[in-house]
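Q: Fit chain B to the supplied structure of chain A, relying on the hints for placement.
Chains as they are written, first to last, in this note's numbering: chain A, 1 to 172; chain B, 1 to 172.
These are calculated hints, taken from the structure and not from any lab test.
Watch out, some of these pointers could steer you wrong.
All copies of an identical chain are treated as equivalent in the list; a pair is satisfied when it fits inside any one copy or across any two copies.
Claimed, not checked - No more than 25 Å apart at the CA atoms, straight line, and that leaves these computed lysine to aspartate or glutamate pairs for DMTMM-like:
1) Lys30 to Asp121
2) Lys11 to Glu47
3) Lys11 to Glu39
4) Lys11 to Glu42
5) Lys53 to Glu42
6) Lys11 to Glu45
7) Lys30 to Asp156
8) Lys66 to Glu45
9) Lys30 to Asp146
10) Lys53 to Asp146
11) Lys22 to Asp156
All figures in this text were calculated on a predicted structure; none of them were measured in a lab.
There are 2 protein chains.
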Amino acid sequence: MKFGIVAFPSKKLQDLANTYRKRYDSHYSKITPHITLKEAFEADELEIQNISKEIASIAENCAPLKINASRISSFFPTTNVIFFRIEPTEQLKNLHQELQSRINIGKPRHVFIPHITIAQDLTETEHDDIFGQLRMIGVNEQETIDRIHLLYQLEDGSWTTYETYRLTGDEK
Amino acid sequence: MKFGIVAFPSKKLQDLANTYRKRYDSHYSKITPHITLKEAFEADELEIQNISKEIASIAENCAPLKINASRISSFFPTTNVIFFRIEPTEQLKNLHQELQSRINIGKPRHVFIPHITIAQDLTETEHDDIFGQLRMIGVNEQETIDRIHLLYQLEDGSWTTYETYRLTGDEK
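The following block holds chain A by itself, in its conformation from the complex (with noise of 0.2 Å):
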């Protein structure tokens, strides 16, 4: 069974990222907008049982999230995804780390830039002229992001929450 792990902004964050997704983004049906913190993995029932516990483990000592979506940018030329920028924080990169490392299974495809995406699949062209607009219009939203979620994903793609892990931990 394919997990990933993410945190889902606000509400507020993810009706302004869906007013783009229902438009851009071919993944839009398939799951809520989300930054991803530890992309999917392949997983048992059994080896998942014991991941879940390490992420509660790390939940319980990591701050709730302060997160600053700064602007719109994208991953083009690499491929072609708009996104609402995620500024990398120390907190951020230290959980992503921090769950890459304790939880063993798939090695990073990218190096770790939080994003929320909101335009994905596009041609080139499409690619220029919505980045274009996007990128003009921008986002400037700050917020504070208190669980992260643990997902599975169907045979149809779309994704179900496993579990649910507090931030818990003390501000450093």
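A: Same frame as chain A, but now just chain B:
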């Protein structure tokens, strides 16, 4: 903000439901297949924290749910909804009743008939045609669900998980 409480069945049963939902269910892309335990209700940020504590306390005392999807039924003529009927065990009825009485927001709009919707918003002709076919195919799945989820709804109608509660009570 609009909240609801659901139990997601196994990936296997969700995948099976989705083979029908992708063709026949207008809500297919808004939420993965689920059993509704408490219908949508309104609550604000502060209220939901207390409600979440109530749900946690109910879940702690509820044993994992043994469910039996025993046949394909329809709510026709009340609505043109076709669903996997889940046998209404004492355990399910008690959990529903306890959620209803302890989270005293929003009266139930229907008698509690546990089910997984697989088709809705059909015309009467479509309903009769599809129900005729599906009833013959039927369903027969038994499984145990060990957690329930509190979800909230985004402006586009899709649902994001707010919290997960493990069912850790003893069997009665």
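Q: Okay, which hints does this one fail, numbers in order?
A: Hint check: nothing fails, all pass.
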